[in-house]
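Each chain is listed here by its residues.
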Amino acid sequence: MKNIAIQIEDLKRNFKMGDEVVHALRGISFNITEGEFVTIMGTSGSGKSTLLNTLGCLDQPSSGLYKIDNVPVKDLDKNQLAKIRNEKIGFIFQAYNLLPRTTALENVELPLLYNAKVSTEERRERAIEALTKVGLAERLHHTPSQLSGGQQQRVAIARALVNNPVVLLADEATGNLDTRTSYEIMALFQELHTQGKTIVFVTHESDIASFSNRTIVLKDGNIIKDDINTKIRNAKEELAAIPKAD
Amino acid sequence: MRILNLLKISFKAIVLNKVRALLTMLGVIIGVASVIAMLAIGEGSKQSIKSQISNMGSNMITIMPYAERQAGVRLDRSEMQSLTLEDYKTIKSEAKLLTNVSPQVDGSGQVIYGAENWPSSIYGVTPNYLDIKVWDVESGSMFTDDEVGSAAKVAVIGQTIVENIFTDGEDPVGKMIRFGNIPFKVIGVLSEKGENTFGQDQDDVVLAPYTTVQKRILAIDYLQSVVASAISEEQSQDAVAEVTKIMNKAHNIQEGDTSDYEVRSMEELISTFSSTSEMLTVLLVAIASISLLIGGIGIMNIMYVSVKERTREIGLRLAVGAKGADILLQFLIEAILISITGGIIGVVLGLSATFIIENVLHWPTSVTSSSIIISFAVCAITGIFFGFYPARKAATLDPITAMRYE
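As you go down the protein sequences, you meet chains G and R in turn.
Numbering-wise, the first sequence is residues 1 to 246 according to our numbering.
Numbering-wise, the second sequence is residues 1001 to 1406 according to our numbering.
The set of hints was computed from the structure by calculation and includes no laboratory data.
Some hints could be false.
Stated by the list, open to error - Think about it this way: if two alpha-carbon atoms lie no more than 20 Å apart in a straight line, the pair counts; the simulated DMTMM-like pairs of lysine to aspartate or glutamate are:
no. : chain 1 : residue 1 : chain 2 : residue 2
1   : G       : K16       : G       : E191
2   : R       : K1008     : G       : E125
3   : G       : K74       : R       : D1398
4   : R       : K1008     : G       : E106
5   : R       : K1393     : G       : D77
6   : G       : K133      : G       : E191
7   : R       : K1012     : G       : E191
8   : G       : K78       : R       : D1398
9   : G       : K83       : R       : D1146
10  : R       : K1012     : G       : E106
11  : R       : K1008     : G       : D220
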């Protein structure tokens, strides 16, 4: 039996907007075991962003249980949350969110800068290792402006990997990329998945979801579908089928 | 380790925004430089005023008879006979806060040399009178104590007299002149002093042994005044008190009695001048402080804008595990680095400005180490103070909204 990476029970999140209370999440439950590649789908307003923020420990649930790596998150203060984010979560954003005018290597080193346990040498080593893993070993000293969109997202993925997180959280990670590059990124995610990484991928494209092994669909703050994907597409093969752009 | 990382992050941020950092520093640079330069000018002029006053014999103390009434009429000081040679000797031997003491008797009359004559004053003194007045002999020499003892008819004359009774280029030393009817041998000429603060021509004097003036010219045996110098300007008030005590004892004056003498110092003169220059310094510091304050506000401004501009970056840092304190320190360190670097450049600039003022404008300046330390400390504090608000603003950002910020 594999360990449970993420455990959610009856998770609710309410926002107060003036006098009205908006129920972004209305009591959802699911577990994600180690090594799963899960996509969370839903239209805008379905609550998927709220869920992602909660999973990423950027936000606290109003009620319910959330355990990451068996640590209950509910009662942690801001600094403890920051520590969880630093050590257990790897974020990948739609807009990459790399530091401008800063080399790929330094961008990847960033999370480790906030971990006092990691020495300067170890930080460098691990950043190089992560960049090698995403295929950017030759681009260590390039700044974001010298990299293509796909490469920038690879740097962001390397940054998410560098702290050996319990789970990789991707928020529309292919949203800014063309189909071909998207598939390249998905191929990378599938590769990471086969290496045993736990991945939670938020998207609104069912095309992208078909690369994962499980899909959770949200609507109006409720889970309306939680399916194991039986026909997983292989991004590498799909990529070979697409004619090269140039 | 953590602080070291934050230092690296802050340093990197400054290097990435060199021009902005430099512009921010500019305010601090100008502030610190002007504080140093202005304090140097203030201190310099204070010292030059002080030395000018010292040249006037600012530690000089004068003891003179108090003009008492006789049958309802106030007598002229010079006719009072209450100050005696005995008093002079007592003061000289007993006063510990005085360095030089000289009796003084003076009279006026015509100075005559050949066919020329000039109305002037003669001062009967002892040789150390020159030290009390801070005067110098330009050529020849001052008379000696022996000549005082023997009431020799020798004189040292001032420049005004030289100009008026001697022809150009004639050396007065060794020549015989007359003061009234009494012949004097000129043995020295005083160097030029110019007018004093009261408009008196200090070069229009004849100095002679007081014994000679007493006997030959005035035919008196009392003194008109005793002049002395206190060990230092600061101690001149104490010296006045000491002399008063000695004189009270000598003249047998009880507390509450009207005394028959008066002791004066130049204290008032000094305090007037130093309060003027003090005011000048305060004014200059005030102006400089304002520029420093504006420099500080400049830092706050830029840091505030920089926090806004880097909201997404802050959001990202928070998302990957930076704590609020990390962000606060990052921006605070950035502000302090900027202000300290600005401070160092400002000190260098201030010192060079002072150097230029001193050597090109020939204004007296004096850089005190305290002005450097103070302005530097103020600028570091400015960095912390004005950097704190924007830094706290950054630290309290919510990572979710910060990352969405456009």
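Right, here's what the structure says about each hint:
| no. | hint | result |
| --- | --- | --- |
| 1 | K16(G) / E191(G) | violated (41 Å) |
| 2 | K1008(R) / E125(G) | holds (18 Å) |
| 3 | K74(G) / D1398(R) | holds (18 Å) |
| 4 | K1008(R) / E106(G) | holds (11 Å) |
| 5 | K1393(R) / D77(G) | holds (19 Å) |
| 6 | K133(G) / E191(G) | holds (10 Å) |
| 7 | K1012(R) / E191(G) | violated (34 Å) |
| 8 | K78(G) / D1398(R) | holds (10 Å) |
| 9 | K83(G) / D1146(R) | violated (95 Å) |
| 10 | K1012(R) / E106(G) | holds (11 Å) |
| 11 | K1008(R) / D220(G) | violated (45 Å) |
In summary, the structure is inconsistent with hints 1, 7, 9, 11 from the numbered list given earlier, while agreeing with the others.
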